[in-house]
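Make the full structure from the sequences, and use the hints.
There are 4 protein chains.
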Amino acid sequence: MTDKNTDKRSALLSATLDLVSNHGFHNTPMAKIAKLADVSAGTIYNYFSNKQDLVDSLYLHIKDEFTNAAFQGYEEEMPVKEGVKLIWFNMIEYKVSNPKQANFLSQCENSQIVSASVREQALQHLQPLLDLWERGQAEEIIRDVSPYLLYAYAVYPLSFFVAVKKRDEFHLTQEMQQHSFEMAWSAITTK
Amino acid sequence: MTDKNTDKRSALLSATLDLVSNHGFHNTPMAKIAKLADVSAGTIYNYFSNKQDLVDSLYLHIKDEFTNAAFQGYEEEMPVKEGVKLIWFNMIEYKVSNPKQANFLSQCENSQIVSASVREQALQHLQPLLDLWERGQAEEIIRDVSPYLLYAYAVYPLSFFVAVKKRDEFHLTQEMQQHSFEMAWSAITTK
Amino acid sequence: MTDKNTDKRSALLSATLDLVSNHGFHNTPMAKIAKLADVSAGTIYNYFSNKQDLVDSLYLHIKDEFTNAAFQGYEEEMPVKEGVKLIWFNMIEYKVSNPKQANFLSQCENSQIVSASVREQALQHLQPLLDLWERGQAEEIIRDVSPYLLYAYAVYPLSFFVAVKKRDEFHLTQEMQQHSFEMAWSAITTK
Amino acid sequence: MTDKNTDKRSALLSATLDLVSNHGFHNTPMAKIAKLADVSAGTIYNYFSNKQDLVDSLYLHIKDEFTNAAFQGYEEEMPVKEGVKLIWFNMIEYKVSNPKQANFLSQCENSQIVSASVREQALQHLQPLLDLWERGQAEEIIRDVSPYLLYAYAVYPLSFFVAVKKRDEFHLTQEMQQHSFEMAWSAITTK
DNA sequence: CATGAATGAGAATTCATTCAT
DNA sequence: CATGAATGAATTCTCATTCAT
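Here the protein sequences come in this chain order: A, B, C and D. For what it's worth, the numbering used here labels the leading residue of the first sequence as 1, then goes sequentially. For what it's worth, the numbering used here labels the leading residue of the second sequence as 192, then goes sequentially. For what it's worth, the numbering used here labels the leading residue of the third sequence as 383, then goes sequentially. For what it's worth, the numbering used here labels the leading residue of the fourth sequence as 574, then goes sequentially.
Since the hints were made in silico from the structure, they are not lab data. Among these hints, one or two may not hold up.
Stated by the list, open to error - In the DMTMM-like style, the derived pairs of lysine to aspartate or glutamate whose C-alpha atoms are separated by at most 25 Å in a straight line are:
| no. | chain 1 | residue 1 | chain 2 | residue 2 |
| --- | --- | --- | --- | --- |
| 1 | C | K482 | D | E693 |
| 2 | B | K276 | B | E366 |
| 3 | C | K573 | D | E713 |
| 4 | B | K291 | A | E109 |
| 5 | A | K81 | B | D335 |
Claimed, not checked - Some chain D residues well away from chain C (every beta-carbon gap over 12 Å; in silico):
| no. | residue |
| --- | --- |
| 6 | T579 |
| 7 | V612 |
| 8 | G615 |
| 9 | Y620 |
| 10 | N623 |
| 11 | E666 |
| 12 | Q700 |
| 13 | Y724 |
Cβ atoms here follow ideal geometry from the backbone N, Cα and C, with glycine treated the same way.
Okay, structure coming up:
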């Protein structure tokens with residue numbers, strides 16, 4: 001019973017992810033979502049109050065999943081570079097293994113799909129990384145610049161890989177991931 | 192007559208830019224574009240075959256403007272770093288001075304607003320930068336990695352600044368621009 | 383058990399009255415009725431065959447209550463004017479004391495909310511008043527006109543007071559009730 | 574051109590009148606209105622901003638028509654009784670000759686179909702009658718009671734006739750109209 | 001009897017596009 | 001070329017009713 005409940009909810013989230021990441025928010029009618037989730041159109045509204053709520057919920061869910069993956073194995077006592085490296089590879093691993101999710105997040109980042117309040121809420125999940133950067137700055141390992149800049153050079157580029165990969169123009173090999181991390185690290189470190 | 196022609200066409204492009212960058216592609220009805228351009232709805236179809244064509248045209252136009260700005264003062268004989276620096280600051284200067292255009296481009300980058308073919312077409316405008324990178328690689332100044340990686344770390348982060356700025360969370364000072372360039376350069380250089 | 387039965391039925395009727403008199407028939411979803419009655423949506427259909435039946439039943443119930451109140455203390459042997467006066471004040475007393483019921487009846491009177499057959503059925507409850515009028519006509523105290531006219535001037539105006547009161551434009555004082563009765567009586571009497 | 578404009582607008586108003594007076598506001602979908610007006614569904618929104626606006630407009634239009642009819646031939650210098658009589662017969666004449674309009678008004682009177690603001694607006698059309706009553710009170714011909722009471726006994730009963738007639742239970746003959754006026758006059762006069 | 005999730009037939013409204021003037 | 005009313009398909013969302021548990 002509870003399972004069935006959860007089942008339909010996640011079927012809906014999953015269908016939404018599929019469709020939005022492939023065709024974009026506004027080219028994804030509720031009817032299609034319902035169909036793909038094998039559910040009646042009206043049923044959606046038993047789980048989400050409207051389309052915005054559905055997408056917001058999906059965003060929060062994925063952001064949560066992503067952040068969990070990102071901090072897998074991370075401990076606060078780690079040396080800064082080791083921590084940054086772990087998180088960075090966790091992130092790219094998640095994005096490479098979950099292209100739909102990655103694409104969805106990427107779409108949300110640069111658009112007004114997701115409610116402002118929800119996006120803000122999701123931002124707080126990154127706090128451990130911000131803390132780590134701050135420690136790195138204290139240890140003079142990481143450049144003493146705004147976290148926005150650090151984010152722009154250490155995290156944001158990942159979105160580009162995914163967006164490009166979507167269009168089959170590019171495949172990110174293991175070796176390239178290594179290079180990519182080195183570039184990210186060079187950008188943000190003082191050394 | 193030709194002038195009037197051009198006038199209406201650019202009025203339409205300008206109106207589209209205004210509305211799309213503020214409200215997104217799908218929240219911008221043709222009727223509003225027409226109104227803002229002070230033109231009848233039907234008239235749009237004398238200049239563009241449909242909404243997609245209108246947006247594609249706008250994208251090409253802006254991308255062209257942006258690339259022109261980016262290569263302002265650039266000459267092929269320049270030393271690599273000097274060239275990269277010039278282009279980078281040109282780019283950020285354009286984006287800071289033209290927030291609507293920057294926002295529009297940013298929206299197009301990670302979505303399916305613009306036709307795939309058109310986006311590809313626009314990519315070729317960057318050829319001089321790709322050439323410069325290639326020269327930099329030959330001179331062993333720039334990392335020997337895929338241009339996608341170079342792009343991801345040297346150009347793509349600019350979009351983040353704009354997207355964030357749009358939401359009033361952040362203002363990019365002159366000093367930060369300096370830091371930012373240093374980070375970009377550190378990412379892509381071998382030194 | 384029977385009590386519980388009756389309990390739920392009247393809880394449903396009461397909830398319907400509340401909601402319909404406040405928001406109108408078509409702005410009152412079954413789900414809300416169920417919620418207010420503290421009952422599951424499906425349960426309604428154990429007591430009423432559909433929404434129409436529910437509202438029809440409510441109408442009959444209230445009309446019954448209203449008529450009972452109207453004839454409270456009335457005896458067939460009463461002098462005509464006394465009888466008319468008693469009934470008239472009973473009616474207005476009921477409507478003033480039960481604004482929700484009054485409003486509901488008023489809404490039903492001029493619309494297609496209630497089935498035609500049910501409305502006809504309810505009309506018969508007024509028979510004693512019709513008889514009284516007839517006696518009054520025999521005694522040449524009451525105008526020799528169609529009972530429809532008598533109704534229009536002696537009973538129908540009450541609905542107006544309620545409808546107006548609903549909109550807070552008007553409060554019917556004791557003195558006004560007196561005047562109002564005098565007006566009603568003047569309309570229908572021969573004297 | 575202008576005619577066509579007006580034509581469609583009035584065709585829509587007329588269709589709305591037909592359908593709402595027959596089936597009620599909430600049983601009258603926009604699609605049916607469009608069909609009856611021989612117009613596409615979307616066209617409605619070129620003339621009215623939404624369903625509420627359409628009905629409000631219709632109400633104002635009819636109320637206007639009704640009031641014009643009511644004051645036909647009326648002059649402020651008329652003796653009070655003559656004036657009241659003229660207006661009263663004008664009103665009933667209008668309602669008898671225009672049953673759909675009468676029914677529509679009657680439905681609006683006791684429900685929340687029409688916006689409160691619009692109803693208030695329409696009320697002002699009756700001002701000449703209120704003025705006449707006031708004069709009658711000054712001359713001590715008309716009872717010194719709230720205009721609400723006067724309205725309830727002199728105007729409101731007309732709605733009942735129409736509502737009843739709608740259900741084919743009753744036909745209002747010329748003679749009955751005479752009686753009816755006498756009743757109304759008896760109700761409101763001091764004599 | 002009671003539940004409440006599921007259904008799916010509409011309902012109001014929007015909007016890109018056409019075409020007669 | 002310019003106009004803008006007209007179109008009608010598509011979209012989001014509601015709600016009376018059913019039925020498996």
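Each hint tested on the structure:
Distance restraint check for K482 of chain C and E693 of chain D: the Cα-Cα separation of roughly 23 Å lies within the 25 Å cut-off, and the hinted pair is therefore satisfied. Distance restraint check for K276 of chain B and E366 of chain B: the Cα-Cα separation of roughly 15 Å lies within the 25 Å cut-off, and the hinted pair is therefore satisfied. Of the supplied pair hints, the one linking K573 of chain C and E713 of chain D holds, its CA atoms being roughly 20 Å apart against a limit of 25 Å. This hinted pair checks out: K291 of chain B and E109 of chain A have alpha carbons roughly 17 Å apart, not beyond 25 Å.
With a C-alpha separation of about 23 Å, the suggested pairing of K81 of chain A with D335 of chain B holds against the 25 Å cut-off. Against the 12 Å criterion, T579 of chain D stays outside the reach of chain C, whose nearest CB is about 31 Å from its own CB. Remark: the non-interface label on V612 of chain D is consistent with the geometry, its nearest Cβ contact in chain C lying 24 Å away (cut-off 12 Å). Separation of G615 of chain D from chain C is adequate, the least Cβ-Cβ distance of about 24 Å exceeding the 12 Å criterion.
At roughly 24 Å from the closest C-beta of chain C, the C-beta of Y620 of chain D stays outside 12 Å, upholding its exclusion from the interface. Even its closest Cβ contact with chain C, about 16 Å, leaves N623 of chain D beyond 12 Å, as expected for a residue assigned away from the interface. Separation of E666 of chain D from chain C is adequate, the least Cβ-Cβ distance of about 17 Å exceeding the 12 Å criterion. With a closest Cβ-Cβ approach of about 16 Å to chain C, Q700 of chain D is found to remain outside the 12 Å limit, as its non-interface label requires.
With a cut of 12 Å on Cβ distances, Y724 of chain D falls inside the contact zone with chain C, its closest approach being about 7 Å.
The earlier numbered hint that this structure contradicts is number 13, and it is the only one.
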